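Participant: Mind docking chain V on chain W? Use the hints.
Number of protein chains: 2
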Amino acid sequence: MASWEDGVRRVVPYTPGEQPKDLHIVKLNTNENPYPPSPGVLAALSGVTEDSLRRYPDPAAAVLTKTLADAYHVSPDQVFVGVGSDDVLAMSFLTFFNSGKPILFPDITYSFYEVWADLFRIPYQKQKLNADFEIVRNDYLKENGGIIFPNPNAPTGVLMEKGAVRDILRANPGSVVIVDEAYIDFAPEGSSALSLLPEFENLLVVQTFSKSRSMAGMRIGFAIGSEKLIHYLNDCKYSFNSYTMNQAALAAGKAAAEDSGWYRETVRKVIATRERSKKELSALGFSFANSQTNFLFVRHEKAKARDLFQALRRAGIIVRYFDSPRIDDYLRITIGTDEQMDILFDFLKSNL
Amino acid sequence: MASWEDGVRRVVPYTPGEQPKDLHIVKLNTNENPYPPSPGVLAALSGVTEDSLRRYPDPAAAVLTKTLADAYHVSPDQVFVGVGSDDVLAMSFLTFFNSGKPILFPDITYSFYEVWADLFRIPYQKQKLNADFEIVRNDYLKENGGIIFPNPNAPTGVLMEKGAVRDILRANPGSVVIVDEAYIDFAPEGSSALSLLPEFENLLVVQTFSKSRSMAGMRIGFAIGSEKLIHYLNDCKYSFNSYTMNQAALAAGKAAAEDSGWYRETVRKVIATRERSKKELSALGFSFANSQTNFLFVRHEKAKARDLFQALRRAGIIVRYFDSPRIDDYLRITIGTDEQMDILFDFLKSNL
Chain W
1 MASWEDGVRR
11 VVPYTPGEQP
21 KDLHIVKLNT
31 NENPYPPSPG
41 VLAALSGVTE
51 DSLRRYPDPA
61 AAVLTKTLAD
71 AYHVSPDQVF
81 VGVGSDDVLA
91 MSFLTFFNSG
101 KPILFPDITY
111 SFYEVWADLF
121 RIPYQKQKLN
131 ADFEIVRNDY
141 LKENGGIIFP
151 NPNAPTGVLM
161 EKGAVRDILR
171 ANPGSVVIVD
181 EAYIDFAPEG
191 SSALSLLPEF
201 ENLLVVQTFS
211 KSRSMAGMRI
221 GFAIGSEKLI
231 HYLNDCKYSF
241 NSYTMNQAAL
251 AAGKAAAEDS
261 GWYRETVRKV
271 IATRERSKKE
281 LSALGFSFAN
291 SQTNFLFVRH
301 EKAKARDLFQ
311 ALRRAGIIVR
321 YFDSPRIDDY
331 LRITIGTDEQ
341 MDILFDFLKS
351 NL
Chain V
1 MASWEDGVRR
11 VVPYTPGEQP
21 KDLHIVKLNT
31 NENPYPPSPG
41 VLAALSGVTE
51 DSLRRYPDPA
61 AAVLTKTLAD
71 AYHVSPDQVF
81 VGVGSDDVLA
91 MSFLTFFNSG
101 KPILFPDITY
111 SFYEVWADLF
121 RIPYQKQKLN
131 ADFEIVRNDY
141 LKENGGIIFP
151 NPNAPTGVLM
161 EKGAVRDILR
171 ANPGSVVIVD
181 EAYIDFAPEG
191 SSALSLLPEF
201 ENLLVVQTFS
211 KSRSMAGMRI
221 GFAIGSEKLI
231 HYLNDCKYSF
241 NSYTMNQAAL
251 AAGKAAAEDS
261 GWYRETVRKV
271 IATRERSKKE
281 LSALGFSFAN
291 SQTNFLFVRH
301 EKAKARDLFQ
311 ALRRAGIIVR
321 YFDSPRIDDY
331 LRITIGTDEQ
341 MDILFDFLKS
351 NL
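Just so you know, the protein sequences line up as chains W and V, in that order.
Just so you know, we're using the UniProt record's numbering here: the first sequence kicks off at 1 and counts up by one.
Just so you know, we're using the UniProt record's numbering here: the second sequence kicks off at 1 and counts up by one.
Please keep in mind that the hints were generated in silico from the structure rather than gathered at the bench.
A quick note: this is a predicted structure, and the numbers were derived from the prediction, not measured.
Among the clues, some could well be false.
When chains are identical, the list treats them as one kind, so a pair holds in a single copy or across two.
What the hints assert, rightly or not - Straight-line C-alpha distance at most 25 Å; calculated PhoX-like pairs for lysine-lysine:
#, residue 1, residue 2
1, 66, 228
2, 228, 162
3, 66, 21
4, 279, 304
5, 142, 101
6, 21, 254
7, 228, 101
8, 279, 349
9, 349, 278
For reference, chain W alone in the conformation it holds in the complex (with noise of 0.2 Å):
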């Protein structure tokens, strides 16, 4: 090994699902949604101009944080927006999660808080899921220097009440608690931990536009908190880089921010395939927790997951495996177009 490597920071960083190029295969992988964005979208990428590609962007984004403030009725100051939800809990975790002590989420969780954790070496804690896939309300209400979650969790899909939610922001006044929502479009209105915010300083809620709005693309994220914790997530954020998101991402955002009435639109359709797929899955063998966002995280009684998921593999539709403790025998399936999902059941049909 060659001296300089010395100073190297040794990582094993997040694994992302796969990106096929060939756009015939049934590509339910990576919870994108099948729908596409709001026209307005397009419409503002065509709308970039020579002089906007030629100068800075405003680095407080303020066109997007404004849209979003008005949409969720708070102020511009409690909003901040990032390179998707990932660059906003990257960066929450560098601002936040700097007592020493160690931060809680749970055992089976979206895998990237681990890897945020190990590359800002912040000490952590897994608290384990219950049998039924329930995150533990009461293993999150010890001494902790910071706790996150998702709500919906995924891969599990298992939404928690706001009533749990509560107490455990209740109980940890002494630290950050994050709630990532990447999924919270998908669940009934009003599960949303934003409500709380009047009562807790000390609560972020982490949204992405990637899920619910059409736009992984795009790379758009936001977290909503007080004007407290806001401030110190952009003091963090101007320190790693001034302008993160371009002229494109800020028109585009902002185009499809104002037309809430078209993400509801592909939310319910995908909702309703959720639910139908629920009956499918469950008729051939599949049992599943009661999944409240775009994906399912199923099991069969007698098919191997590994097994089948090369098996699918191989048919041109891509599911997302995890060879992980206590999850080696689920897969986890995105809810695509009902036209998607018939491959897949006429698939499983004719192969289990």
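Facilitator: Showing chain V alone in chain W's frame:
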């Protein structure tokens, strides 16, 4: 202070140059290119499809790294891309400067270096430029945890000879040496440290689309180095955010990188205006080092920089003033179009 604030990372962020909304202002404060990017860039943005918006982008940004690799005659595995060179540099600080030993950079330089070091708690020692605002090669031959400097340096505009860069690399096999070449395309051909790459595995050269390619608004920066360096950098990047380059940036970046003729022509025009500006400003009583960039760092024999900055501002001409030791008598003036510079010269002729 609330108890949750104990674990918050406190930093003093970098202050970017102002981005006024009034388009009638003569904006010579953030080193943007006054000419538009390649026409292919707008076309690429209009060509972004609904399907690519809906899907995650390629995390490896292969379409862009491949085009850059071809343009610079290196392997795609030697190229890293990020959200502007700030993102590339931030990630490089995080990845490479972990030895615990102080890193070295000039006292008068890009002020973000100090901000990144503070953010990541990296010790550093600033090395004094000499009276002619040159980087002193011998200051970089002592023990260190890493070296970074811009070449040409900013805000001075001064270029270091490649022989001196090589000397620094030869003396530092135990550190990563980052040459930040944001302005290199405005320097004489052959000035880049890229030609030293075959000799030094620990050399990272960072460049940007923001200046010569007129694309500050799209946030595209890149690094070229040994495959080993790029591999480590990617590991940290994938531990921070899998997908940093959105579909619009990938498409626009590819179009720009394929049209080198376009940016070389705009650079030629900027250089011609820069050389004419040197003469005009000289005749007006300004002195300056010999800038090889798209800006001039000037001091007037009589007028105080701060007063001049404010007078220009009132006249609708924005330049950059740094209220810092050793340079508080200077203004940094971006090279605009000939017409913009004439407005500046006319004002100065009437008011000095």
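Participant: Checking each numbered hint in turn, tell me which of them this model violates, lowest number first.
Facilitator: Going through the list in order, the structure violates no hint and respects every one.
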